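So you can see what is in the structure, the chains are spelled out below.
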Amino acid sequence: MLGTLRFAQPTNYPETTMKLPNFPKPLARFVSTLPSWPASRAFVAAGNLVAWPSLRDLDWSHVAGRRFRVQVSDLGLKLYFSVHANGFRALHNGLADVTFTATAQDFARLALRLEDPDTLFFNRRLLIEGDTDLGLTVKNMLDAVELETATAGMPVGMGRVVMKLRHLALK
Amino acid sequence: MSALLELICPAGSLPALKAAVDNGADGVYLGLKDNTNARNFSGLNFDAKALAEGIRYAHNKGVKVLMALNTYPQPDTVSRWHQAVDTAATSGLDAIILADPGLMAYARKVHPNLRLHLSVQGSATSYEAVNFYRERFGIQRAVLPRVLSLPQVENVVNNTDVEIELFGFGGLCVMVEGRCLLSSYACGDSPNTFGACSPGHAVRWQQTPKGMETRLNGVLIDRYADDEKAGYPTLCKGRFDVQGETYYALEEPTSLNSMEMLPEMARLGIAAIKIEGRQRSPAYVAQVTQVWRAAIDAVKKDMAAFKPGSFKPEAAWMAQLNKVSEGSMSTLGAYYRPWK
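Note that the protein sequences, when read in sequence, are chains A and B. Following the working numbering, the numbering of the first sequence begins with 1 at its first residue and continues without gaps. Following the working numbering, the numbering of the second sequence begins with 1001 at its first residue and continues without gaps.
Next comes chain A alone, as it looks inside the complex:
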């Protein structure tokens, strides 16, 4: 019945993705050699410093203690952590309740609110495996934090850098 509808073809339009600077190759090679545990600890330390001040007031009750794995596909990096009342905590490799996989560039684009996760998912640039509801909950909780609140909670100067990057990418 739907056969006579005029369905458009998959996009032939030019790619409109706004670019961020690529991760420098030598640094990427170095990162890919890192074992997970120190990398997870470094990530968690940075997260607690930069992001936690604007996230601590959220209701983490449904999320506390659940195990997250973030896989940065182009860097071969796997980060394991959980969230607790006092911040992020690094975990040793092992099982995760939910796993997010994307490139460093795409994770950065998500963090800067330049891209919508559903868009990346449709384009097969973001994979969520495991407890989908947990992944969705965190995504929606983070979406509800205003960018201004997030950057205000960052160390001096860093918020400005983030907004500047976002501004440049949107131009």
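Honestly, the hints are just simulated from the structure, not real lab data. Check each hint, because a few of them may be wrong.
Said to hold, decoys possible - Calculated pairs, DSS-like style, for lysine-lysine (alpha carbon to alpha carbon, straight line, at most 27 Å): (1) B:K1049 - B:K1064; (2) B:K1109 - B:K1033; (3) B:K1210 - A:K78; (4) B:K1210 - A:K171; (5) B:K1109 - B:K1061; (6) B:K1312 - A:K164.
Fair warning: this is a prediction, and the values are worked out from it, not measured in the lab.
Please arrange chain B on chain A, whose structure you already have, making use of the hints.
Same frame as chain A, but now just chain B:
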């Protein structure tokens, strides 16, 4: 002057609402954090504090705020829906969007000054149905289901005083809105009472050697090869084995995009264009609102200049919209079809 092509944009969070307002929406629609609306996902939607701030922000910039209360109350929990109507009435919202006649009767009786819109979930496809809701409950706007061709929309518009709102862009469902029970076969919940077709707890994605598999309560509904674009994990957009052939038996993952029909919609006097996507992030809302604002402004600026079929949306607009579309492609859906 009555409304013409108002741009109504989705908001699942306060930042999304602000993105809609800042990028040129005329109205924003939202829902509460429970199953009183059809985007009942964990962590999404508005609590009392976010609602108050959202209304303040939007009204300061002259933008309307609408609340979707578009699921069907059940006898044992109907008070939750009544409370939601009360919340809407006392919060200074501009209208509520309802599907259930019982809820309309409640709103009409308890809050006679509250403006009512008939939700797409109400599935009113004829002017008789629309006028019935007007006579009984005083609805002032109806959102038409996406099953009608534009000539059929015209027939409704020409025979009612109710403002007509059409979907412009976004997720396209199998088009029996408000009456679809498909996902309950896999999830055990009806989307019309639970408030979601595929609740997160029922969805599992897994990368396997054969491709990315999507399961709904354990039922394999699709498997994507690495080079295939993906869609939402709903039964209607799954690929199924039908007599030995595996294909999209109901609907392909694709989004509605009616932008090229904007001049015809303007000519019909369509009051508002709705953008789907309360489940999506602020980035989507900003991108889509910006593009539709530009397109509507272009059409309104010189309505007489456009003859049917002569409006060509800018390639950059269409590229932006296709990029955020399900399966990275879009369709005019039923709006354009030669048969009746």
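Verification of the hints:
At most 27 Å may separate the alpha-carbon atoms for a hinted pair to count; K1049 of chain B and K1064 of chain B meet this at roughly 18 Å. About 25 Å separates the Cα atoms of K1109 of chain B and K1033 of chain B, which keeps this hinted pair within 27 Å; it holds. Annotation: proposed proximity of K1210 of chain B to K78 of chain A holds, straight-line Cα distance about 23 Å (limit 27 Å). Restraint check for K1210 of chain B and K171 of chain A: the C-alpha separation of about 40 Å exceeds 27 Å, so the hint is violated.
Restraint check: the Cα-Cα separation between K1109 of chain B and K1061 of chain B comes to about 31 Å, which exceeds 27 Å; the hinted pair is violated. The straight-line distance between the Cα atoms of K1312 of chain B and K164 of chain A is roughly 35 Å, outside the 27 Å bound, and the hint therefore fails.
The structure fails hints 4, 5 and 6 (numbered hints given earlier, in ascending order).
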